[in-house]
Structure formats: C-alpha cells, structure tokens
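Asks: Sequences are here, hints too, so could you generate the full structure?
Taken in sequence, the protein lines are chains C and Y. Residue 242 in my numbering sits at position 242 of the first sequence, and the numbers go up by one each step. Residue 318 in my numbering sits at position 16 of the second sequence, and the numbers go up by one each step.
No lab work stands behind these hints: they were computed from the structure. For every residue, glycine included, the Cβ atom is placed at its ideal position computed from N, Cα and C. Don't take each hint at face value.
Computed footprint of chain Y on chain C; a stretch qualifies when at least three of its residues, placed anywhere within it, have a C-beta under 8 Å from a C-beta of chain Y [claimed, not checked]:
# : region
1 : 186-193
2 : 198-205
Here are some, though not all, of the chain C residues that point toward chain Y, as calculated from beta-carbon distances under 10 Å [to be verified]:
# : residue
3 : Val183
4 : Pro208
5 : Thr209
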Amino acid sequence: MANAALGSAVPDSNPPSSFRRSLGNPRTFGNAILSALAVALSVLAMFPLFSVLYMLLKKGAARLGPSLFTELTPGAGMSGGGISNAIVGTLVVVVVASCLSLPLGFMGAVYLAEYSGETRLATLVRFSAKVLTGLPSILAGVFAYATVVVTTGSFSALAGGAAMAILMVPTVMLTSEAALRAVPTKMKDAAFGMGATHAQTVLKIVIPTAVPGILTGVMLALARAMGETAPLLFTALFSDYMFDGKLGQPIASLSVLIYNFAGSPFPQQIELAWAASLVLVSIVLVLNVIAQIVIRRPEEHG
Amino acid sequence: MTMNVQELSPGATPKKQESGRVKARHATDYAGASSEVVMDCRIKTLHYGNFLAVRDTEIPIVDKQITAFIGPSGCGKSTVLRSLNRMNDFVNGFRFQGSVHYRGQDIYAPGIDPVAVRRSIGMVFQQPNPFAMSIYKNVAFGLKLNRFKGNHAERVEEALRGAALWDEVKDKLHSSGLSLSGGQQQRLCIARAIAVEPELLLMDEPCSALDPIATRRVEELMLELKEKYTIAIVTHNLQQAQRVADMTAFLFVDTSAGGRTGYLIEYRPSTELFEDPREERTKAYIRGEFS
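Replies: Structure representation (structure tokens):
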C-alpha cells in the first residue's frame, strides 16, 4: 500500500535536472578545478623533501657500514675512514648547548607565563626572544667567536655550544611559554582552591601538565641547532681526532664535516659527506620520533 | 510538603499568594537560628575596579546544612561564593568591604593568609577540573599539600567512597583523571575536595556541565555529604535548590545606578522561600517570569 502510494507520488521520469552533478555547471566546475589544484600543489610541495631523502639514501648509503661509525675522518687523499669523531662531536656540542640554553629558556618561559603579568620587562623579554628567533645563525657564531673564542684564545666545543645555545634559547622559551599558557585556567583554579601556593601550583600542576608542549619546543630547538653549520665554523672549528673530554679544544661536527668535505676534490671525502648527511638526518628523525612517543604517553595514561 | 514544592516549580501558579504576611519574622527566619553559624558572610560592598559587583549581602551559613544561592544571571551569586574562600583575590582590582567570619575569624582581616583559608575550605567548580594526573594522585593532591601524616591510600579510598565514585574507579586508580566521563570527573573533584576533610564545601554550579543523570547523582551525594560537611552551593537550577538546600538565598541585580550590582533579596529556609516567597521579586523569579 505504502509503496504504491509512494510510487504514485514520485513520477517515474528522471529526477529534476538541477540535482544532477554536471561539470557544465560553472560552480561545480570551479570546485573541481580548485580541489585538483590543491591536491597537485600539496604533492608538489612534498616533492623536494622526498627527493632530498631519496638522494641521501642513494648516495649516502654507499658508505654505510661499521667503519663509518668507528673510524676517524681520513686526511686528504687517504682512503677508508669514518665519521665517528663528527658524530660524537655533534652530540657533545648539542649537550653543551642544551646545558646552557634549556635552563635559561625554560626559566624565562616560567617567568613570562606565570610571574611577569604584563610588565614592561616581560614585553621586552618576549620581544627580544622573537627577534632572536629570526637571528641569522652566522651572527650567533660571530658573537660566540667574539666572546668565547677571543677571550679564551682558542676554538672550542664550549664556543660552539655557546653559539648554538643562542639559537636555542628563544625557541625553547617561546614554545615553552605557549605550552605553559595552554594549561587550562580551571586546572590552576582547582589547585589554588585547594590552598596551593603559587609556587606549588606552578611546580605541581602547571609544569607537569605542560611537559609535552615543552618537550616539543626542546626537540624543535635541538633539531634546528644540530643541523646548523654557520655558528660552528669559527667557534668549534673541526678536529680530525676523537673528543677526549676536553671542552676547551676544537671539536668535529657533522655539519662542518659536510661543509668541508662536500667541496673537497677527493671522491673519498665527498662520499663521506653524503654519508654524514644521511646520519645527521637520521639522528634528527630519531629524536623527533622519541619526542612523539614521550609526548603521547601522558595523555593516555596518568 | 513535597507536593507543594512540586506544584511551585516555575510556571505553576502559586496557591496562596497573599499568605506571605503570616510567616514569622526575622530572628526565626534562619531555620537553624539555634544551630551554629559556621560562616558569617557580611558583604557591604564588593568591587572589581570601579565596578560595584555586590552590595549589602548578609548570609550566615549554618553548620551541616546546605545553603543555596539562587538568582538571575549576573546577580553576583558566584562572586559571593568565591569571596568565601578568597578566590576573588586573583581578579584584578578586587576590593572588599565587610567581613566574612569563619569560626570566629574574619578571613578578610589583615594578616590572614588566603592560602591557609583555602586549605580549610573546599571548593568544587562549575567545570569539572581534575588535574592531568592519575585518579589516585588527584585525590591525594590535597593530602600532600597539607602534609597529611596518616595513611594516604586509606584516605583516598574513603574520599572516593564518600564521593560515590569508588566502585567505578577502584580498578583503575592509576589511569588519568581526564579519562573519566564528565559526571565522574565532577565526583572526582568532589572526592579531591573532601579528602582533606574541610568543614565547609563551596560548590559553584557543580552540575551545570553535567547531564540529568549525573546531576541526580551529584545531588544525592550532596545530601549524603551533609552529614559531615557544611555546603554552600550556587545553582541556576531552582528545582535543584528545592531538592537539596535547607536554606536558600535569593540574590537580584540592581541596574538602577547604571551598573549591574547584585544584592540579597531574601534568605530563608528553602521550603518557605519557595512555597511562600515574601518579596515580589522572589515570587516573580521562582514563578519563572525572568531568569
């Protein structure tokens, strides 16, 4: 019965033409074109990234092997050798830079987010940090050269770390401030409502809640610093020897190795530059993956 | 009794409009005039900057009773509640004239540490706001703050039982408080507040973010908590005030001076206030003529 009634209500001719999808309609046509354009451009934007990765894998993998990680950089014209001193050097410089920049950046962020209010000092600090994020990295090198290298009289891991720290501080500070500010006011209210002091609220509620965001900032800063060459060129310089625990001496690094060897006339060294690039990218990638894992955990569990 | 209350829900016509005069006068107004006043709130003026938010509001809160603050939006009921544990201190330009005596001490007297005040007065907020930590740590937070010497695990269980949440969470005490549903989160916040056994529990529209079933549970909980605690609650929901409150304070907004200043219209036992409001404005409000 119902079917019959329905059948009679709907004419058995085609539905009205206006409901049909047709590219002849200018709006439908425009929509299709824009969608296609968006997809095409997105693919195009990924192209450089993947071509770089492809090239690194292809050219860098040739030298991948145990000797790469155990042997020292070879002299000009010599065969064999590895990049162990540069890998260790990069890690040492990054650790020095972190020791200098993380406390500064983090404490600055806590001050800005929790204690400063809208004072002039806060505005000044925030403005300086923003300007510093745009600082050409070679200027950080020049500054570390003028302050650390010239006063100590020697190129050193310390100077390299100082130059890198200058680049890391603003990133760490601004991202940590954003993470601290993102902690919901209602959570802070709960702590204050229970009779927590400001310091207790910051230490026990605000900072732990903001940890994932802060770690993201730290990882971003580390990844950026690790790849920098310019600030190390005339601060950490380079060394063909393994780091021996002395921060006051020149030290090797992956980025400077790539810079030095890429322009070398010896194929041996050019190959090592490719391999070093691959290793550098891998370290940054691994750091990012670790950060992602650490960051996800607190949301799922307690 | 209950029938009357039912009939008087907003929209219904009050039965005896003219009988207001029969009711007793001031001194006996406070149902528990004989029982002890835990917190004597006397606000002369309460400013935010130049804005007069609340004036002339005196609400004595009686021991082991539930006192509800009702009134239209912007009448300052939350402001009054938050001034009882000095949470308004965080608002820029907050100024207070009057006194709030808690167990004989004026918490606005000079030399009083607001942090110490907040430690002995619990608060539950409008939005459930558990910390981003485990259920257990949420409840134990106050114990740690107060350097509680006794058995923490025992106290946590007690508080969770008290908040009628224990059975639902006993197997996952170490998962995040944020993983609970809204109603559970709010009961977690109540557990967190009562873990330190405050004498007075302030609740700022604790059910406004909850569904009706969760609301009912929290209301039942309030009635149980009344055995041990004194509760002051702000609510937008008149039926809720009728269901749970022993005393009800009706606040109203005065817009005559150009601002929006809240003040107390009447404060009486809930049954009297709802069945037989003395003031015209109270009548109009509980009849649902405005909100």
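Asks: So which hints don't hold here, by number, going up?
Replies: Those not satisfied: there are none.
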